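Undergrad: One line per chain: the protein sequences are A and B, in this order.
For reference, each letter of the first sequence is one residue, going 22 to 285 in the working numbering.
For reference, each letter of the second sequence is one residue, going 22 to 285 in the working numbering.
Simulated from the structure, these hints should not be mistaken for laboratory data.
Values in this document were obtained by computation on a predicted structure and should not be read as measured data.
It is possible that some hints are incorrect.
As a list, the in silico SDA-like pairs of lysine to any residue whose alpha-carbon atoms are at most 20 Å apart [to be verified]:
{"#": "1", "chain 1": "A", "residue 1": "K277", "chain 2": "B", "residue 2": "R227"}
{"#": "2", "chain 1": "A", "residue 1": "K195", "chain 2": "B", "residue 2": "G242"}
{"#": "3", "chain 1": "B", "residue 1": "K226", "chain 2": "A", "residue 2": "T276"}
{"#": "4", "chain 1": "A", "residue 1": "K195", "chain 2": "B", "residue 2": "A241"}
{"#": "5", "chain 1": "B", "residue 1": "K226", "chain 2": "A", "residue 2": "T251"}
{"#": "6", "chain 1": "B", "residue 1": "K277", "chain 2": "A", "residue 2": "P225"}
{"#": "7", "chain 1": "B", "residue 1": "K226", "chain 2": "A", "residue 2": "E252"}
{"#": "8", "chain 1": "A", "residue 1": "K226", "chain 2": "B", "residue 2": "K23"}
{"#": "9", "chain 1": "A", "residue 1": "K226", "chain 2": "B", "residue 2": "F271"}
{"#": "10", "chain 1": "B", "residue 1": "K277", "chain 2": "A", "residue 2": "L266"}
{"#": "11", "chain 1": "A", "residue 1": "K156", "chain 2": "A", "residue 2": "L167"}
{"#": "12", "chain 1": "B", "residue 1": "K152", "chain 2": "A", "residue 2": "K156"}
{"#": "13", "chain 1": "B", "residue 1": "K53", "chain 2": "B", "residue 2": "Q112"}
{"#": "14", "chain 1": "B", "residue 1": "K226", "chain 2": "A", "residue 2": "G282"}
{"#": "15", "chain 1": "B", "residue 1": "K23", "chain 2": "B", "residue 2": "K226"}
{"#": "16", "chain 1": "A", "residue 1": "K152", "chain 2": "A", "residue 2": "R202"}
{"#": "17", "chain 1": "A", "residue 1": "K226", "chain 2": "B", "residue 2": "Q268"}
{"#": "18", "chain 1": "A", "residue 1": "K277", "chain 2": "B", "residue 2": "R169"}
{"#": "19", "chain 1": "A", "residue 1": "K226", "chain 2": "B", "residue 2": "A241"}
{"#": "20", "chain 1": "B", "residue 1": "K277", "chain 2": "A", "residue 2": "G191"}
Examples of chain B residues lying across from chain A (beta carbon under 7 Å, computed) [what the hints assert, rightly or not]:
{"#": "21", "residue": "L132"}
{"#": "22", "residue": "L183"}
{"#": "23", "residue": "L185"}
{"#": "24", "residue": "T189"}
{"#": "25", "residue": "D192"}
{"#": "26", "residue": "A228"}
{"#": "27", "residue": "F234"}
{"#": "28", "residue": "G242"}
{"#": "29", "residue": "I258"}
{"#": "30", "residue": "A261"}
{"#": "31", "residue": "T262"}
{"#": "32", "residue": "C279"}
{"#": "33", "residue": "L283"}
Using C-beta positions, here's what the derived DEER-type ranges look like [claimed, not checked]:
{"#": "34", "chain 1": "B", "residue 1": "G137", "chain 2": "A", "residue 2": "G223", "range": "50 to 56 Å"}
{"#": "35", "chain 1": "B", "residue 1": "F208", "chain 2": "A", "residue 2": "G148", "range": "38 to 44 Å"}
{"#": "36", "chain 1": "B", "residue 1": "T153", "chain 2": "A", "residue 2": "E147", "range": "45 to 51 Å"}
{"#": "37", "chain 1": "B", "residue 1": "E207", "chain 2": "A", "residue 2": "N87", "range": "56 to 62 Å"}
{"#": "38", "chain 1": "A", "residue 1": "N111", "chain 2": "B", "residue 2": "E57", "range": "36 to 42 Å"}
{"#": "39", "chain 1": "B", "residue 1": "E207", "chain 2": "A", "residue 2": "R227", "range": "56 to 62 Å"}
{"#": "40", "chain 1": "A", "residue 1": "G148", "chain 2": "B", "residue 2": "F271", "range": "58 to 64 Å"}
We treat Cβ as the ideally placed atom computed from N, Cα and C, and that holds for glycine.
Number of protein chains: 2
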Amino acid sequence: MKIIGEKINGTRKSVAAAIVTRNAEVIIALAKAQIECGADFLDINAGSTPDHETEDLVWLVHTVQNAVNVKLCLDSSRPEPLRAALKEVNQTPMINSISGEPKRLNDVLPLAAEHGCELIALALDEGGIPKTADKRLEVIRSMIKLTREQGLPDEKLYIDPLILSIATDGDAGKTTLDVIRRVCEEFPRVHITMGLSNVSFGLPKRALINRTFLTLALAAGMDSAIIDPTEPTMREILLATQLILGQDRFCRNYTKACRSGLLS
Amino acid sequence: MKIIGEKINGTRKSVAAAIVTRNAEVIIALAKAQIECGADFLDINAGSTPDHETEDLVWLVHTVQNAVNVKLCLDSSRPEPLRAALKEVNQTPMINSISGEPKRLNDVLPLAAEHGCELIALALDEGGIPKTADKRLEVIRSMIKLTREQGLPDEKLYIDPLILSIATDGDAGKTTLDVIRRVCEEFPRVHITMGLSNVSFGLPKRALINRTFLTLALAAGMDSAIIDPTEPTMREILLATQLILGQDRFCRNYTKACRSGLLS
Numbered sequence: 022m023k024i025i026g027e028k029i030n031g032t033r034k035s036v037a038a039a040i041v042t043r044n045a046e047v048i049i050a051l052a053k054a055q056i057e058c059g060a061d062f063l064d065i066n067a068g069s070t071p072d073h074e075t076e077d078l079v080w081l082v083h084t085v086q087n088a089v090n091v092k093l094c095l096d097s098s099r100p101e102p103l104r105a106a107l108k109e110v111n112q113t114p115m116i117n118s119i120s121g122e123p124k125r126l127n128d129v130l131p132l133a134a135e136h137g138c139e140l141i142a143l144a145l146d147e148g149g150i151p152k153t154a155d156k157r158l159e160v161i162r163s164m165i166k167l168t169r170e171q172g173l174p175d176e177k178l179y180i181d182p183l184i185l186s187i188a189t190d191g192d193a194g195k196t197t198l199d200v201i202r203r204v205c206e207e208f209p210r211v212h213i214t215m216g217l218s219n220v221s222f223g224l225p226k227r228a229l230i231n232r233t234f235l236t237l238a239l240a241a242g243m244d245s246a247i248i249d250p251t252e253p254t255m256r257e258i259l260l261a262t263q264l265i266l267g268q269d270r271f272c273r274n275y276t277k278a279c280r281s282g283l284l285s
Numbered sequence: 022m023k024i025i026g027e028k029i030n031g032t033r034k035s036v037a038a039a040i041v042t043r044n045a046e047v048i049i050a051l052a053k054a055q056i057e058c059g060a061d062f063l064d065i066n067a068g069s070t071p072d073h074e075t076e077d078l079v080w081l082v083h084t085v086q087n088a089v090n091v092k093l094c095l096d097s098s099r100p101e102p103l104r105a106a107l108k109e110v111n112q113t114p115m116i117n118s119i120s121g122e123p124k125r126l127n128d129v130l131p132l133a134a135e136h137g138c139e140l141i142a143l144a145l146d147e148g149g150i151p152k153t154a155d156k157r158l159e160v161i162r163s164m165i166k167l168t169r170e171q172g173l174p175d176e177k178l179y180i181d182p183l184i185l186s187i188a189t190d191g192d193a194g195k196t197t198l199d200v201i202r203r204v205c206e207e208f209p210r211v212h213i214t215m216g217l218s219n220v221s222f223g224l225p226k227r228a229l230i231n232r233t234f235l236t237l238a239l240a241a242g243m244d245s246a247i248i249d250p251t252e253p254t255m256r257e258i259l260l261a262t263q264l265i266l267g268q269d270r271f272c273r274n275y276t277k278a279c280r281s282g283l284l285s
């Protein structure tokens, strides 16, 4: 199970402000807190203002890797910031993300393949997010055909099956769980990761829905997640789920976390 | 989804005391609270002292059904208390339970078949709880052969796949989830129910493990559970799971429960 810590994201107000003012302390605190709570990768997103995304992303890379030793997940859909950041990283990073959109495929996939990066691929194309599992599988198959052609091993690919809000589509959860199961079956060496929070958009008590969805996605075969690992209720349900699914030998991680007081 | 409220159980100290002193108020309060929180059945267990289980169970039946209108689940492994209680019930009750043990099969199954009761059947036999899913399925198949022979329709049968503690068997969760999936596939009209709490025996933060296991069991196909419906964290995870699994049309139950303030 690989946890991708989501908190260093320039679309969040406090992070955007820290980037503008070059406040390294704020960024380093977010990095350290997530690593302490078990993050395997830190997602690094410099926000979406194209005129200075490149220098902002490079600053974030320097700031984080000068303070902590962790794999980064460079979060951008544009090749320039990614190319610049790739020159600066100490360890081969993950890239977040490509999709079935031809521009992103052409721009970002060759970079990931050339640098041997792990790569997140979103199950959408120029038509948007397909509503049915069948159509989403079609997009995924097309992407995997291309990642293989470019020499990226399946083990380095993380499919994000995407989740729509249950408030607007009552079958959204079932559809995504179905996509996860089918990807696992059809491409056993490919990983599955996901940002979860869209599932609860428009509904009350979102954190409850998000963490329950985490349990269901893990049971379906997801083996990575883009989450806030510092959130105790998210961490505890992750540990309890892995315990029940037989992924926690001798209950060690669970009992250790209970003893450490990290749970809610 | 059928909720069987577990709180009127004579093996609990406060209930045992209420039974001894014939304190109807205590029992009625437990009945009303569970119904308000969505119980479809109330489990009624008079404790395990053979010399007065029969009169105690009959008293519980009278006490509950004089106060509320709900289906009862008569919880005993012995035919005498069940036979006496069956004479007193207003509505055809559920019976909890038979197992693959010949004595319980011979004593209780004919009663359930004769009265057209819904019936819980535990996946164990005279050898105890089989450790593997394959062996548990064998016990279940043998029981279903007999329930069918005695004319009990599959729709009235609730298989309890049983759960061992994860503290003593790290694969206990996987095994039980596997049993649930296989029973659903092999016997699509048979229901699945379960008492959950044994999963966490010997571990810290048991309620967290129990409710996470509820989510996983529902996703595997369980369509009933023996729980305390008045426990807000159990109720909220049940609602969130049903929401995500597409079992809550227009998110009605979930949003209604949030508005009512019944969640934690």
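Undergrad: Of the hints given before, which are not true for this structure?
TA: When the structure is compared with the hints, numbers 8, 10, 12, 15, 18, 19, 21, 22, 23, 24, 26, 28, 33, 34, 38, 39 and 40 turn out to be violated.
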